[in-house]
Amino acid sequence: MRHLLASKDFRDGFVEMLPACVGLVPFGLVCGVGAAAAGANWLGSLGMSAIIFSGAAQIVAAQMVAAEAPFAIIVLTTTVLGLRLLMYSAAIAPYLKPLPDHWKRALAFMLSDQVFAAAIRRFHIDDDREAAGRHFLGSGLALWLTWQLACMAGFFAGNLIPSSWSLEFAVPLCFIALVAPLFRDAPSVLAALTAGIAVLALAHLPMKLNLIVAGIIGILVGTLADLAKERWKAR
Amino acid sequence: MEGALKLWAVIFVVGALNYVSRVSFIALFSRRTMPPLLARALRYVPAAMLTALVLPMVVDAGAAGEAWLTPKVIAAVIATVVAYWKLGTLWTLGVGMVALWTLQSLIT
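As given, the protein sequences belong to chains L and C, one line each in that order. Residue 1 is where the first sequence starts when you use this note's numbering, and the numbers rise one by one after that. Residue 1 is where the second sequence starts when you use this note's numbering, and the numbers rise one by one after that.
Extracted from the complex, chain L is given alone in its bound form (with noise of 0.2 angstroms):
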């Protein structure tokens, strides 16, 4: 173990990872009033950020127990919402295939949209799949450990900052730092758009079940214009 955290590439993969840590902070503190706010004790706070440890599905889970849904809305719309990491499973599941089976678990725990992003890049450079899997290992530590640093100074003392900083905006930016760069071809700029006006114009729909309901129409709209796409080219 102190063989594996004294590596090169452990090394790297952890300080390469700190400036995306930097900017989640605001975001993690987001979560730990959020989490506050959800009625969740510090026990709470810390269990979210450190088991779930996705700021999207913490955040819509601790404003759907705030809202009192019912446990099978907030499980279902989190589930959608996480969807994305199955995405990210699939596309760098043939790199982390070299790798033991104990890391593979490992790693997939920590898997996650920036770490996703960094590991990825490594693996198209290096061909030695286990020192980029130190490297993943590094950048995700990273990540985890920052995050629960965050979401508890948001949980203890998010009350703290004053509201004319609208810190809670920092959470839009952080999903758009995701998504804008998304919207480059027709299906997912269509995805988006309509997602986006289904959400709003449900708005009064309780629960929030605008999320999930927008979110499954945006997915059929993409789905079904890049088939059309494939279609339209084929011929």
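Please note that the accuracy of each hint is not assured.
To be verified - No farther apart than 35 angstroms at their CA atoms in a straight line, the calculated lysine-lysine pairs in the DSBU-like style are these:
| # | chain 1 | residue 1 | chain 2 | residue 2 |
| --- | --- | --- | --- | --- |
| 1 | C | K6 | L | K233 |
| 2 | L | K229 | C | K6 |
| 3 | L | K208 | C | K86 |
| 4 | L | K104 | C | K86 |
| 5 | L | K229 | C | K86 |
| 6 | L | K104 | C | K6 |
| 7 | C | K86 | L | K8 |
| 8 | L | K229 | L | K208 |
| 9 | C | K86 | L | K97 |
Don't read these hints as lab results, they were simulated from the structure.
Assemble the complex: chain L is given as a structure, and chain C must be docked to it using the hints.
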């Protein structure tokens, strides 16, 4: 369901299902390839779900009829342009927050 119990049920079930998504193709069914239609649909999950998540945080819910072009909406549009050019989270966050603060101070 009682409050604390429900929260912990959410933590473990949502955490477990997130982990299943994460580990799925890496370890659970690593020998299978993804069905083509599923792969196609998954490609549009981030665009649809993240947009649906972002918009209510940017557009005020009760703003119908009132001015909808709020500092948050303008700052979000600016941040979208920054992010579209792949400048990353830090730049998107920095430019978006500064835009919001500037616009808010101009209004008050």
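Next on the checklist: Let me make sure I understand: some of the numbered hints might not hold for this structure. Which ones are they, in numerical order?
Outcome noted: 1, 2
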